[in-house]
Amino acid sequence: MDRTPASPVNALMAAIEGTGRDERRGGYSRPVFSTAELDLREWFTAEALRRGLAVETDRNGILWAWWDLPGASSAGTTGVSSAEPERRGALVTGSHLDSVPGGGAFDGPLGVASALAAVDLLQAREKDGGLTRNRALAVAVFPEEEGSRFGVACLGSRLLTGAIDQARALSLRDADGNTFADVARAHGLDPDLMGRDDAALSRIGDFVELHVEQGRGLNTEEFTDAAGRGPAVAVGGSVLGHGRWRFGITGQGNHAGTTLMADRADPMVAAAQLIVAVRQAAAAQPGARGTVGRLEPIPGGTNVIASRVDLWLDVRHPEDAVTAALVEKIHGQAQRIAAMEGCTVRLTEESFSGTVSFDAALQRSLSHSVALTVPGAPVLATGAGHDAGVLASRVPTGMLFVRNPSGFSHSPEEYVEDSDAEAGVTALADALQDLL
12 MDRTPASPVN ALMAAIEGTG RDERRGGYSR PVFSTAELDL REWFTAEALR RGLAVETDRN
72 GILWAWWDLP GASSAGTTGV SSAEPERRGA LVTGSHLDSV PGGGAFDGPL GVASALAAVD
132 LLQAREKDGG LTRNRALAVA VFPEEEGSRF GVACLGSRLL TGAIDQARAL SLRDADGNTF
192 ADVARAHGLD PDLMGRDDAA LSRIGDFVEL HVEQGRGLNT EEFTDAAGRG PAVAVGGSVL
252 GHGRWRFGIT GQGNHAGTTL MADRADPMVA AAQLIVAVRQ AAAAQPGARG TVGRLEPIPG
312 GTNVIASRVD LWLDVRHPED AVTAALVEKI HGQAQRIAAM EGCTVRLTEE SFSGTVSFDA
372 ALQRSLSHSV ALTVPGAPVL ATGAGHDAGV LASRVPTGML FVRNPSGFSH SPEEYVEDSD
432 AEAGVTALAD ALQDLL
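Its first residue numbered 12, the sequence shown is counted upward by one per residue in this note's numbering.
Calculated directly from the structure, the hints in this document are not laboratory data. You may find that some hints are simply not true.
Said to hold, decoys possible - Pairwise CB distance ranges (calculated): (1) Arg347 / Asp236: 43 to 53 angstroms; (2) Phe419 / Asp236: 14 to 24 angstroms; (3) Asp274 / Ile309: 14 to 24 angstroms; (4) Arg62 / Glu97: 12 to 22 angstroms; (5) Leu60 / Gln346: 52 to 62 angstroms; (6) Ser430 / Glu233: 16 to 26 angstroms; (7) Arg136 / Gly216: 30 to 40 angstroms; (8) Pro386 / Gly141: 30 to 40 angstroms; (9) Glu97 / Ala197: 55 to 65 angstroms.
Stated by the list, open to error - Okay, derived cross-link-like pairs now, SDA-like style, lysine to any residue, Cα gap no bigger than 25 angstroms in a straight line: (10) Lys340 / Val315; (11) Lys138 / His198; (12) Lys340 / Arg290; (13) Lys340 / Ala350; (14) Lys340 / Pro297; (15) Lys340 / Arg319; (16) Lys340 / Ala283; (17) Lys138 / Ala83; (18) Lys138 / Gln444; (19) Lys138 / Asp187; (20) Lys340 / Gly312; (21) Lys138 / Leu80; (22) Lys340 / Gly259; (23) Lys340 / Trp256; (24) Lys138 / Pro19; (25) Lys340 / Glu360; (26) Lys340 / Arg257; (27) Lys340 / Glu352; (28) Lys340 / Asp325; (29) Lys138 / Gly162; (30) Lys340 / Gly353; (31) Lys340 / Pro308; (32) Lys340 / Ala299; (33) Lys138 / Gly353; (34) Lys138 / Arg99; (35) Lys138 / Gly63.
Beta carbons are placed, not taken as given, at the ideal position from N, Cα and C, and that holds for glycine.
Work out the full structure, taking the sequences as your base and the hints as a guide.
Right under this line is the structure:
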């Protein structure tokens, strides 16, 4: 995509548009601790230091770039200052840099780049006397938000808040069999120190995450003008409850040429029927979403009847009880389908996050601030998970969404217009200034 760096945020996005391109899938593949994701972390660190921010990596692998209060002692380099300034109750913004396989350019990085560009605006306002700060500000980058490598979304924020058990997190494995503990250790983290971090949480007074809208809510008829264009920015209202479950369907591995059709216990056939059943069950439940986006046959040979097939189920609904009931219904169907094919099935929950409503007072503040840039900016619920949703259990959180004209996300077609990205930065800066 040819992006003209017409503003600071677009220049920042243009600087990383070649990082992690996936020639096979299209779009970007930036799993946590991959070369691409590490390059982006280095890019962020350099950009933060260029703005005079003090950068550190905490024990859970979260990057923090601190803009401390005037006169506060700060190291100004990567690492924790020996005389750390007061940061308790700070205002924090940011997002993530990892991606799903073949994802879009904006999911995650737009929030990080917009946070840096907002710091530019705020620093200029402070220099001109238009901003007097009473709180420190930090830009945070959370690792493994997508869960594309170790299977649990928002892993960094879950570790920080204690939303995932430390032992379970460390035992997670990627597709190559590497544990999260071993990979984290290889990149300078101590697995024994990972987990809930109350000291780090105490530094967050409020968290505001800007993100590309992952749908077309801003482009629906309710909000579009006579030209068919929706507002550039919306305020987040809630995050849809969602979870991930893994089905393991076990049959009998055998030879594709010598095994008669009547003699087979083929888990791939059961998996195919289950995928259809998931769609039918979700479609029959108003407000639900059910998706199978990943399937792995074992051993995976073209001329081999699989011995086992693993498939991953994503289910979402505004009411957590409905989500649970829908998963149980699908589980029952999976058991019946597997039995008909001479197979067995096992269900494992990998992650679950209940529906989250963002802090009401913070939401009102964001709506008031954003109205200066985008009059009448709507409040939107989102069906996508975010670190802000995980942090909401411990600190006041809010979100801003920047319009996505296509409505496509987690795909190469994800898009944000330059003018909307600029509006998002201004709205974020205004909101942060009012909270500072």
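- Decide if the proposed pair is consistent with the structure: Lys138 and Ala83, CA atoms, cutoff 25 angstroms inclusive. Status holds; Cα separation ~17 angstroms.
- Given the hint that Lys138 pairs with Arg99, test it: the Cα-Cα distance must not exceed 25 angstroms. holds (24 angstroms)
- Hint consistency between Lys138 and Gly162 [alpha-carbon to alpha-carbon, up to 25 angstroms]: violated (44 angstroms)
- Verdict for Glu97, Ala197 (Cβ pair) under range 55 to 65 angstroms: Given range 55 to 65 angstroms: violated, Cβ gap about 34 angstroms.
- Task: Measure nothing beyond the straight line between the CA atoms of Lys340 and Val315; if it is 25 angstroms or shorter, mark the hint as holding.
- Result: violated (31 angstroms)
- Message: Need the status of pair Lys340, Asp325: alpha-carbon distance at most 25 angstroms?
- Response: Holds, at roughly 14 angstroms.
- Query: Holds or violated: 30 to 40 angstroms for the Cβ distance of Pro386 and Gly141?
  - Reply: violated (21 angstroms)
- Query: Is Lys340 close enough to Ala283, meaning Cα to Cα at most 25 angstroms?
  - Reply: Measuring from Cα to Cα gives roughly 17 angstroms; hence the hint holds.
- Message: Between the beta carbons of Leu60 and Gln346, is the distance compatible with 52 to 62 angstroms?
- Response: Taking Cβ atoms as reference, Leu60 and Gln346 lie about 55 angstroms apart, which means the hint holds.
- Message: Check the hint pairing Lys340 with Gly353 against an upper bound of 25 angstroms on the C-alpha distance.
- Response: holds (20 angstroms)
- Please work out if Lys340 and Glu352 have their alpha carbons no farther apart than 25 angstroms. Holds, at roughly 19 angstroms.
- Message: For Lys340 and Glu360, compute the direct alpha-carbon distance and say whether it is at most 25 angstroms.
- Response: Satisfied, since the Cα-Cα distance of roughly 14 angstroms is no more than 25 angstroms.
Going through the hint list in order, the structure does not satisfy hints 7, 8, 9, 10, 11, 19, 20, 29 and 33.
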